[in-house]
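Engineer: Okay, here's what each chain looks like letter by letter:
Protein chains: 2
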Amino acid sequence: MEIESSTQTAVKPLRLGEGKKFYVGVDLGGTKIYAGLTNREGNILATVKELTITHQEGLAEQLPRLVERLLEEGGARREEVAAIGVGSPGPLDPDRGIVFATPNLSLHDFPLVEIMESHLKIPTFMDNDVNVATLGEALLGAGEGKDFVVGIFVGTGIGGGIVLNGRIYHGASKNGGEIGHMVILADGPACGCGGKGHLEALASKTAMARQFEAALAQGRRSRLFDEVPGPYDRLDTRLLQGLLDAGDDLVTEILIGVAHYLALGCVSLIHVLGPDVIVLGGGVMEAVGDFLLPRIKQEAFASSLRGTWERTEILPSALGDDAGLLGAVTLAKIGLNDL
Amino acid sequence: MEIESSTQTAVKPLRLGEGKKFYVGVDLGGTKIYAGLTNREGNILATVKELTITHQEGLAEQLPRLVERLLEEGGARREEVAAIGVGSPGPLDPDRGIVFATPNLSLHDFPLVEIMESHLKIPTFMDNDVNVATLGEALLGAGEGKDFVVGIFVGTGIGGGIVLNGRIYHGASKNGGEIGHMVILADGPACGCGGKGHLEALASKTAMARQFEAALAQGRRSRLFDEVPGPYDRLDTRLLQGLLDAGDDLVTEILIGVAHYLALGCVSLIHVLGPDVIVLGGGVMEAVGDFLLPRIKQEAFASSLRGTWERTEILPSALGDDAGLLGAVTLAKIGLNDL
Numbered sequence: 001m002e003i004e005s006s007t008q009t010a011v012k013p014l015r016l017g018e019g020k021k022f023y024v025g026v027d028l029g030g031t032k033i034y035a036g037l038t039n040r041e042g043n044i045l046a047t048v049k050e051l052t053i054t055h056q057e058g059l060a061e062q063l064p065r066l067v068e069r070l071l072e073e074g075g076a077r078r079e080e081v082a083a084i085g086v087g088s089p090g091p092l093d094p095d096r097g098i099v100f101a102t103p104n105l106s107l108h109d110f111p112l113v114e115i116m117e118s119h120l121k122i123p124t125f126m127d128n129d130v131n132v133a134t135l136g137e138a139l140l141g142a143g144e145g146k147d148f149v150v151g152i153f154v155g156t157g158i159g160g161g162i163v164l165n166g167r168i169y170h171g172a173s174k175n176g177g178e179i180g181h182m183v184i185l186a187d188g189p190a191c192g193c194g195g196k197g198h199l200e201a202l203a204s205k206t207a208m209a210r211q212f213e214a215a216l217a218q219g220r221r222s223r224l225f226d227e228v229p230g231p232y233d234r235l236d237t238r239l240l241q242g243l244l245d246a247g248d249d250l251v252t253e254i255l256i257g258v259a260h261y262l263a264l265g266c267v268s269l270i271h272v273l274g275p276d277v278i279v280l281g282g283g284v285m286e287a288v289g290d291f292l293l294p295r296i297k298q299e300a301f302a303s304s305l306r307g308t309w310e311r312t313e314i315l316p317s318a319l320g321d322d323a324g325l326l327g328a329v330t331l332a333k334i335g336l337n338d339l
Numbered sequence: 001m002e003i004e005s006s007t008q009t010a011v012k013p014l015r016l017g018e019g020k021k022f023y024v025g026v027d028l029g030g031t032k033i034y035a036g037l038t039n040r041e042g043n044i045l046a047t048v049k050e051l052t053i054t055h056q057e058g059l060a061e062q063l064p065r066l067v068e069r070l071l072e073e074g075g076a077r078r079e080e081v082a083a084i085g086v087g088s089p090g091p092l093d094p095d096r097g098i099v100f101a102t103p104n105l106s107l108h109d110f111p112l113v114e115i116m117e118s119h120l121k122i123p124t125f126m127d128n129d130v131n132v133a134t135l136g137e138a139l140l141g142a143g144e145g146k147d148f149v150v151g152i153f154v155g156t157g158i159g160g161g162i163v164l165n166g167r168i169y170h171g172a173s174k175n176g177g178e179i180g181h182m183v184i185l186a187d188g189p190a191c192g193c194g195g196k197g198h199l200e201a202l203a204s205k206t207a208m209a210r211q212f213e214a215a216l217a218q219g220r221r222s223r224l225f226d227e228v229p230g231p232y233d234r235l236d237t238r239l240l241q242g243l244l245d246a247g248d249d250l251v252t253e254i255l256i257g258v259a260h261y262l263a264l265g266c267v268s269l270i271h272v273l274g275p276d277v278i279v280l281g282g283g284v285m286e287a288v289g290d291f292l293l294p295r296i297k298q299e300a301f302a303s304s305l306r307g308t309w310e311r312t313e314i315l316p317s318a319l320g321d322d323a324g325l326l327g328a329v330t331l332a333k334i335g336l337n338d339l
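Keeping their order, the protein sequence lines are chains F and Y.
Using the numbering used here, the final residue of the first sequence is 339, and nothing's skipped along the way.
Using the numbering used here, the final residue of the second sequence is 339, and nothing's skipped along the way.
Calculated directly from the structure, the hints in this document are not laboratory data.
What you are looking at is a predicted structure, and each value in this text was computed from that prediction instead of being measured.
For glycine and all other residues, C-beta sits at the position ideal for the given N, C-alpha and C.
Check before you lean on any hint, since a few could be wrong.
Covered stretches of chain Y, as calculated for chain F (at least 3 residues, CB under 8 Å) [unchecked claim]:
id	segment
1	44 to 54
2	146 to 153
3	171 to 177
4	262 to 268
5	274 to 283
Using 20 Å as the maximum straight-line C-alpha spacing, the simulated SDA-like pairs for lysine to any residue come out as follows [what the hints assert, rightly or not]:
id	chain 1	residue 1	chain 2	residue 2
6	F	K174	Y	E313
7	F	K20	F	D338
8	Y	K196	F	I256
9	Y	K21	Y	R306
10	Y	K174	F	G230
11	Y	K174	F	L164
12	Y	K146	F	L164
13	F	K196	Y	D187
14	F	K196	Y	R306
15	F	K21	F	T31
16	F	K174	Y	D276
17	F	K196	Y	G335
18	Y	K196	F	R306
19	Y	K174	F	D276
20	Y	K21	Y	H260
21	F	K174	Y	K196
Produce the complete structure using the sequences and hints provided.
Structural biologist: Take a look at the structure:
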């Protein structure tokens, strides 16, 4: 008897109570919060979506209330929820459950985990939103079954995450995986973070906006300039897709540049990390990935050393908008050691 | 009784025989082989150094013979050696013990481990030379006691290694840690590997040679050009050090550039891996590290995102020429699970 029980402990120290049937995943974004209720198998049973209240006190009330609404929608009782996972913008401390600061949400030392646990009495686990989305892709999406997975999410900025052997890689800084801030073009264009020539400063929507504005100033023509007066810092990716499909020269040229820099980012990651899978997601990839992805793959593999790239796949996000939500559920399961 | 023995097995499956008192570490280089005999505590008891025989058949005879000579020097019998570790130029397969190809040694699918084990009857473990040197620094040198260690070795090329939680990181490709081939300057100068703007193409001795030759072609003056007729592809680092100390303008300028690019390489590594320690070693650092290191640290930290660099130290190699040898011994110990 004793030997058997100690063996079980070594494999899975925490046994969930019989009544714990559900998990909650929360994808906290600068614009909206998207949350889902899943069963133990990870099937989504109900979802809710709300515009984010972008100040500290408001969000502290909104988050637990939104989870309660989600449980109601899904017909689940609090006591039946094993754990909650949250992906949040950072920088943050996943161990202490605190969001230090986020430009979009005006948060400052926001004790997210404590707020959830004190209101809902459900164990809560939190990590960086992009790490969580990469975790989702690594375990349930494009990287399923693989040990070395890197995520690159291209939107207003470029976020990244690294998942090694099914766990988020944090490094000593707890902020590893900042792939958007690799230096790709020394002394290149200014990055929002203060650096120069980072991947984010070359291949994000913000970088494209700067390129469009420079082209406009040079007297270049584009249907974009006829349709949108500018500034171009809040570029609609569907508009971009439409202009690309219509064969707009400037849009095509700028997206070829974006593919080039993303490919070089992949080259650096292939050489440093030798991953099984690089997952490319985010709004820009969702909209114009059909154009970008083949170019990125072709150049990244052609520009990598023999012996470094042959086992790497570069794949589009398989979970799309659900990556964050399902990643958050996975984070909660890992937190409870219930995977 | 049964419980106790199973507990021991989980911690350390392989018990060394009482007679195994020694380890052998071999640092196989393109020019010379440097091997050492250590006791279980890792103290070096004897060393031998030979010029490398740079063809396959010759080296297959030289390596076991050199180990026998080492044992003789150290007064050790074969049966007393627990294991041999070897750091070799790559690309190679550490699991199969085969060196695929090395430009300097003219090797081709060289079964290094099999050769050692069949001649010497001693278990042998092998890995990439720079990985092994990083392992030495991580466990016994500049990174001692730290979980996340990156090594950058600046010489003719730039080699790199990553050691996570005391083990060499290989990635899915088995060739991770190729830090010299991160893209730092998109579309920049050609790298020996065929890529462009890699760290190695900007900050290695080879890169400096190209810069000296370009400066000479432009009519720039330097005492280097008076003292050495060129070409500059086999630059003596002591000469470089002498010219720097003498205040040569061109040498100073080029080394400031080298520090700049190495700093940007550190920025990428800090953002992606958030390491505890980045160890900088190799011939160039040994010769002019006093000039380079403060500049690299200053720029790397100033150019990194808040929250990513504060826990990272950038340190010179602590083991110097012994990093490869002691790393190889560590590799052998890990191979036997005797650490």
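Engineer: Evaluate each hint against the coordinates.
Structural biologist: Now for the hints, and whether the structure bears them out:
{"no.": "1", "hint": "44 to 54", "verdict": "violated (count 0)"}
{"no.": "2", "hint": "146 to 153", "verdict": "holds (count 3)"}
{"no.": "3", "hint": "171 to 177", "verdict": "holds (count 7)"}
{"no.": "4", "hint": "262 to 268", "verdict": "holds (count 4)"}
{"no.": "5", "hint": "274 to 283", "verdict": "holds (count 3)"}
{"no.": "6", "hint": "F:K174 with Y:E313", "verdict": "holds, 15 Å"}
{"no.": "7", "hint": "F:K20 with F:D338", "verdict": "holds, 11 Å"}
{"no.": "8", "hint": "Y:K196 with F:I256", "verdict": "holds, 18 Å"}
{"no.": "9", "hint": "Y:K21 with Y:R306", "verdict": "violated, 48 Å"}
{"no.": "10", "hint": "Y:K174 with F:G230", "verdict": "violated, 48 Å"}
{"no.": "11", "hint": "Y:K174 with F:L164", "verdict": "holds, 14 Å"}
{"no.": "12", "hint": "Y:K146 with F:L164", "verdict": "holds, 19 Å"}
{"no.": "13", "hint": "F:K196 with Y:D187", "verdict": "holds, 16 Å"}
{"no.": "14", "hint": "F:K196 with Y:R306", "verdict": "holds, 15 Å"}
{"no.": "15", "hint": "F:K21 with F:T31", "verdict": "violated, 30 Å"}
{"no.": "16", "hint": "F:K174 with Y:D276", "verdict": "holds, 11 Å"}
{"no.": "17", "hint": "F:K196 with Y:G335", "verdict": "violated, 43 Å"}
{"no.": "18", "hint": "Y:K196 with F:R306", "verdict": "holds, 15 Å"}
{"no.": "19", "hint": "Y:K174 with F:D276", "verdict": "holds, 11 Å"}
{"no.": "20", "hint": "Y:K21 with Y:H260", "verdict": "violated, 46 Å"}
{"no.": "21", "hint": "F:K174 with Y:K196", "verdict": "violated, 31 Å"}
Of the numbered hints given earlier, the model fails hints 1, 9, 10, 15, 17, 20, 21; all others are met.
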